[in-house]
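**Student:** Single-letter residue listing:
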Amino acid sequence: MRPIHSKITEIVEESPNVRTFFFDTQFDEAIPGQFVMVWVHGTDEVPMTLSGKNSITVQKVGDATSRMFELGIGDHMGLRGPFGRGFTIPGNGENVLFIAGGVGAAPIAPLADIVKARGIEGRTILGSRCCDELLFRERFACGRVDITTDDGSEGRGGFVTDQLAETDTSDYDRIYVCGPEIMMYKVFEILKARNAHVKAEFSLHRYFKCGIGVCGACSMDPDGLCVCRDGPVFNGGELEGSEFGHYERDSSGRKCHF
Amino acid sequence: MRPIHSKITEIVEESPNVRTFFFDTQFDEAIPGQFVMVWVHGTDEVPMTLSGKNSITVQKVGDATSRMFELGIGDHMGLRGPFGRGFTIPGNGENVLFIAGGVGAAPIAPLADIVKARGIEGRTILGSRCCDELLFRERFACGRVDITTDDGSEGRGGFVTDQLAETDTSDYDRIYVCGPEIMMYKVFEILKARNAHVKAEFSLHRYFKCGIGVCGACSMDPDGLCVCRDGPVFNGGELEGSEFGHYERDSSGRKCHF
Amino acid sequence: MKVAGIELKNPTILASGIMGTTGAALARMSRNGAGAVVTKSIGPVPKKGHNNPSMVELECGYINAMGLPNPSYSGFCEEIGIAKGKMDAPLIASIFGGNAAEFTEVAKGLLSSKPDCFELNVSCPHAEGYGASVGTDPDLVHEITASVVDAVDVPVWVKLTPNVTDITSIGRAAESAGASAIVAINTVRGMAIDIHSGYPILGNRFGGLSGPAVKPVAVKCVYDLYEALDVPVIGVGGITCPEDAIEMILAGASAVEIGSAVHDDTQIFVKISKGIDTYLQKYGYSYTEDITGLSHEMI
Amino acid sequence: MKVAGIELKNPTILASGIMGTTGAALARMSRNGAGAVVTKSIGPVPKKGHNNPSMVELECGYINAMGLPNPSYSGFCEEIGIAKGKMDAPLIASIFGGNAAEFTEVAKGLLSSKPDCFELNVSCPHAEGYGASVGTDPDLVHEITASVVDAVDVPVWVKLTPNVTDITSIGRAAESAGASAIVAINTVRGMAIDIHSGYPILGNRFGGLSGPAVKPVAVKCVYDLYEALDVPVIGVGGITCPEDAIEMILAGASAVEIGSAVHDDTQIFVKISKGIDTYLQKYGYSYTEDITGLSHEMI
Ligand SMILES: Cc1cc2nc3c(=O)[nH]c(=O)nc-3n(C[C@H](O)[C@H](O)[C@H](O)COP(=O)(O)OP(=O)(O)OC[C@H]3O[C@@H](n4cnc5c(N)ncnc54)[C@H](O)[C@@H]3O)c2cc1C
Ligand SMILES: Cc1cc2nc3c(=O)[nH]c(=O)nc-3n(C[C@H](O)[C@H](O)[C@H](O)COP(=O)(O)OP(=O)(O)OC[C@H]3O[C@@H](n4cnc5c(N)ncnc54)[C@H](O)[C@@H]3O)c2cc1C
Ligand SMILES: Cc1cc2nc3c(=O)[nH]c(=O)nc-3n(C[C@H](O)[C@H](O)[C@H](O)COP(=O)(O)O)c2cc1C
Ligand SMILES: Cc1cc2nc3c(=O)[nH]c(=O)nc-3n(C[C@H](O)[C@H](O)[C@H](O)COP(=O)(O)O)c2cc1C
Ligand code: FES
Ligand code: FES
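Chains as they are written, first to last, in the numbering used here: chain P, 28 to 285; chain Z, 28 to 285; chain X, 4 to 302; chain G, 4 to 302.
The hints are simulated quantities; they were obtained by calculation from the structure and are not laboratory data.
Since the model is a prediction, treat every value here as computed from it, not as a measurement.
One or more of the hints may lead you astray.
[Said to hold, decoys possible] Taking CB as the label site, the calculated pair distances span: (1) X/E246 x G/E81: 55 to 63 angstroms; (2) P/G89 x G/S77: 26 to 34 angstroms; (3) Z/D51 x P/D55: 55 to 63 angstroms; (4) P/K34 x G/E300: 56 to 64 angstroms; (5) G/D153 x Z/M28: 46 to 54 angstroms; (6) G/M4 x Z/A168: 55 to 63 angstroms; (7) P/G101 x X/S289: 18 to 26 angstroms.
We put the beta carbon where it would ideally sit given N, CA and C, even for glycine.
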């Protein structure tokens with residue numbers, strides 16, 4: 028598919044460095060965890076999770092994201108997608124635990140919306156660096172929310188992993204995780220020690236070029252799975268013994284260790 | 028579409044110069060009067076009416092048709108189609124008249140099959156040069172058949188037009204005509220004089236290249252209609268004032284008068 | 004709209020070799036909304052063309068090798084006269100020859116029928132000694148173009164083949180010889196084989212690809228020619244809908260020619276020219292020329 | 004089957020630039036049935052490639068301009084080692100450079116990782132100074148090929164661009180310089196423009212067309228090269244099913260490479276090699292080589 032020319036219909040400033048852009052293009056079939064390639068004309072095209080059927084939630088980090096922050100309502104971006112494998116939608120009787128750090132709340136929030144709409148109980152551990160950056164806390168209204176901030180400005184001071192260490196995960200049928208890779212890997216290790224990683228799903232990031240599973244830029248060791256196509260969501264079992272938590276590759280294909 | 032590689036499953040010698048080839052490829056959706064482009068590998072591709080869902084009936088006249096006559100059961104030709112506009116299928120209460128000359132019986136016979144299967148009454152005037160060349164007489168079993176032969180070897184001596192001149196066409200709702208263009212044009216003139224040409228349909232021949240309405244090789248004056256696409260079947264009304272009966276074009280596009 | 008010396012009724016033009024064998028067919032395409040029509044390519048002597056199959060629809064386009072069938076200029080003058088009598092859209096006579104003298108002979112031979120413009124076919128990829136056989140050599144293209152420009156008093160367009168290492172060098176040769184416009188592209192060299200019989204499908208064994216498959220190739224050629232030349236570029240290749248035409252215009256086309264798409268819809272010209280108007284209105288432009296080459300400015 | 008100096012497990016080969024960035028990905032494609040795998044093209048220094056969009060699916064194919072991203076030969080040796088450790092299919096190292104010296108430097112730099120063969124990319128249509136910039140000049144292609152052939156002790160294949168006036172002259176240059184096989188084709192120069200924003204879609208503005216749209220072009224190139232050369236031809240371009248592969252083989256290919264079709268099906272290699280076997284059986288042949296170039300005999 029060619030990029031769909033999409034008009035920005037609304038912009039929500041979530042925090043100084045994070046904005047949600049709503050579009051006149053709606054991806055009704057999208058599954059939480061799936062992403063779109065977002066073309067910022069004249070700059071770059073970058074992957075972004077759908078934080079809703081017609082929205083992306085963007086942290087300003089570099090060229091493309093900074094250019095996005097210069098756009099206003101009525102401006103356009105090109106959207107291709109939805110691509111990739113999303114999260115497994117929980118069954119009606121299942122207990123779920125959400126673990127989200129920073130802008131990692133973006134792919135988890137639409138899952139929380141579903142869980143809430145279905146009346147299932149879903150517990151959340153939501154972390155960020157400081158209270159300003161707690162993303163989508165109001166969308167995790169499907170159950171208890173434990174907040175952690177690195178600087179202690181709200182909730183528990185520390186990391187989501189500190190909270191997780193004290194949480195009994197045996198109650199949960201499914202655990203959904205997204206955040207910086209270091210955080211996700213620590214979560215993975217805790218769960219693994221409890222043999223609970225196989226009921227957890229992690230949404231990964233790698234450098235994407237094609238975004239459609241052809242070029243191989245995003246393939247992971249040792250199985251050569253593509254994050255853009257076979258992921259970005261992987262079951263914890265699939266990640267065992269992989270590069271996850273250890274290294275990724277830059278746009279030239281060189282390894283960069285975390 | 029690419030030509031469908033089709034195996035000859037049966038060959039019926041209709042007369043010394045006419046054979047029917049049956050194939051393992053069946054054109055179930057074909058309407059009587061529609062044609063296929065028949066590719067004789069290494070020789071040429073030529074248009075042939077479907078004389079049945081999986082058959083063509085070929086008169087040997089030149090390169091491609093002679094090559095076909097060298098082929099046997101188990102040999103292959105390539106078939107593309109069905110193409111073009113076929114005859115209007117008569118309604119159940121309608122009286123029909125078939126006028127066929129020589130190998131022109133090929134497109135008419137499948138119509139007679141339909142008429143017979145429906146139990147409608149259909150009258151036929153079937154002509155040829157001599158009794159050996161009367162094609163498909165047994166398929167016109169849906170009503171009275173008047174036979175004419177140029178040499179008088181069977182039926183009435185003379186042309187189908189002689190028979191037609193004595194036939195009251197006002198009884199018929201639809202008249203279907205196929206044969207050499209000179210014959211069809213004479214039929215057209217007789218019917219026109221009776222103002223009956225508008226209930227007649229004629230299946231025309233022109234030199235085809237593409238067979239799919241693009242190249243223009245088969246376009247007719249003065250409206251630029253393509254015999255391969257807008258025809259080969261035309262209503263008598265559409266042919267009024269046209270080149271029909273006067274000239275056709277050769278493969279270089281030059282006019283050849285009849 | 005005035006483009007490259009002639010007054011088009013709209014920016015959609017019937018491409019050469021499609022419904023262009025008779026005056027009646029050309030007039031029909033004009034009735035169907037073509038802003039101008041190009042004739043089948045006409046040469047010095049009558050030609051029957053290659054054996055069939057001469058055109059086959061493939062998975063994402065068409066392949067053809069007609070072999071430039073034509074009744075020669077003397078046989079075709081009458082058809083141009085008929086077409087001109089039946090329509091008011093301009094008629095562009097496509098011509099071919101093996102060298103400058105033949106091209107000029109054909110052009111002069113058709114002059115009496117008063118075509119509004121000539122299009123020089125130096126680009127047919129499957130006619131030995133004609134078309135691309137001459138059109139891959141910038142010097143020959145220069146000589147042919149200059150000779151025809153000299154011999155006629157109407158604009159001369161030159162139609163190029165994409166089957167060259169550098170299309171802009173051929174375009175420059177034609178421009179410097181006095182071409183009023185460059186038309187790009189003719190078909191892309193290609194071939195299809197029937198795997199069951201083992202035979203190449205076309206009577207000529209290979210031919211030229213047209214239709215959707217070649218649009219990205221055409222867009223790139225038009226883009227490059229627009230950048231390299233001062234004369235207008237006419238875009239052709241794979242246009243089947245208004246969006247395709249607009250893409251070609253944004254790449255640099257002043258008008259577009261439409262060929263294979265006539266297969267799916269003989270009313271394609273009306274649809275596309277209306278679609279272009281709708282686009283212009285939606286984005287607040289007045290004329291096609293306002294968006295010609297616009298993609299070059301988007302950086 | 005032995006083709007051009009290497010022992011393929013079957014006639015389907017992973018094409019360069021597809022899933023070829025890591026040893027793990029190459030080994031995965033081998034598990035998925037590839038008879039051999041070609042690496043992403045590797046150059047003398049690390050390269051990030053062009054900005055995104057770098058690959059987009061179009062109406063009947065794909066357009067890409069990756070810009071030859073690669074970690075350089077020193078960064079890539081490890082990946083070749085990993086791939087070779089995980090699979091027994093042969094590994095073909097695709098390499099590029101701006102001139103003979105660079106090509107040779109890269110080839111030598113990779114030798115320690117023991118690739119089974121080199122494929123010289125003189126054909127990428129969208130990397131300034133590399134690929135087709137060198138591959139359109141027969142003399143340069145000769146020099147580069149000869150230099151690499153001289154420096155290595157494994158077969159050297161040369162991959163050509165279709166974006167030239169005469170691909171056979173380039174093929175002959177490579178053959179006479181000692182190439183063990185010619186691979187054809189790399190992508191066809193093309194471009195797509197987003198009509199709403201007016202921007203060319205690729206970050207590099209233009210790129211190369213692959214997938215179904217280019218198959219007829221590839222078949223024709225393979226057909227011509229088969230006729231012109233004595234060394235085997237490897238066919239690539241638009242193969243998505245067994246029928247496509249067979250068409251390419253009948254045109255003259257000794258084996259085929261498959262690129263874009265991995266998008267629709269990562270198991271494509273098994274499917275196609277099984278399909279070729281079924282065809283051979285059906286028509287009473289024993290080996291792929293029995294049908295290589297067969298269409299040339301059908302007259
Ligand atoms: C599946 C997936 C989903 C994502 N979802 C979100 C999201 O919902 N919200 C969000 O803010 N961010 C998300 N990201 C990260 C986002 O893609 C990067 O932040 C963005 O690409 C940065 O672009 P830039 O031009 O501003 O930065 P640059 O200046 O180009 O680079 C900064 C960093 O951004 C990353 N990056 C740049 N280009 C790419 C690329 N093509 N592919 C992957 N990473 C890249 C690299 O790590 C790079 O070091 C997601 C990434 C992936 C892979
Ligand atoms: C719509 C249509 C349906 C037809 N149906 C039948 C049929 O059912 N049975 C039958 O015997 N014949 C049919 N014909 C006529 C048949 O196509 C020609 O007899 C055949 O093409 C002769 O080919 P050849 O190579 O043997 O002859 P050639 O030696 O090539 O030429 C002999 C004559 O055949 C005609 N012819 C040759 N090539 C073509 C072509 N490509 N298109 C049209 N005419 C051509 C020309 O009039 C030519 O003068 C049909 C023609 C058309 C247009
Ligand atoms: C059946 C057919 C015949 C053609 N004949 C000619 C011709 O005589 N002269 C010419 O310049 N181009 C000829 N062409 C090329 C077209 O004019 C056009 O350049 C090409 O088909 C690409 O456009 P399209 O994709 O819209 O068909 C022919 C194309 C086809 C399909
Ligand atoms: C995303 C992508 C990247 C490519 N990278 C390379 C490359 O690095 N080196 C190369 O020789 N060819 C490269 N190619 C060209 C392919 O190897 C192949 O020649 C072309 O895509 C045609 O085959 P296909 O239609 O099967 O994809 C690339 C193609 C694509 C689609
Ligand atoms: S980004 Fe190309 S395969 Fe994932
Ligand atoms: S044969 Fe080409 S239009 Fe009829």
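**Student:** Next, verify each hint and record whether it holds.
**Tutor:** Hint check:
The supplied range of 55 to 63 angstroms is broken by X/E246 and G/E81, whose beta-carbon atoms lie about 46 angstroms from each other. In this structure the supplied range 26 to 34 angstroms holds for P/G89 paired with G/S77, their Cβ-Cβ distance being about 27 angstroms. For the pair Z/D51 and P/D55, the supplied restraint of 55 to 63 angstroms is violated, since their beta-carbon distance comes to about 45 angstroms. Between P/K34 and G/E300, the C-beta spacing of about 59 angstroms keeps the proposed range 56 to 64 angstroms intact.
Taken as a hint, the range 46 to 54 angstroms holds for the pair G/D153 and Z/M28, whose Cβ atoms sit roughly 50 angstroms apart. Range check, G/M4 to Z/A168: about 60 angstroms between beta-carbon atoms, so the 55 to 63 angstroms window is met. Checked against the given bound of 18 to 26 angstroms, the beta carbons of P/G101 and X/S289, roughly 22 angstroms apart, stay inside it.
Comparing the model with each earlier hint shows violations of hints 1, 3; every other hint is respected.
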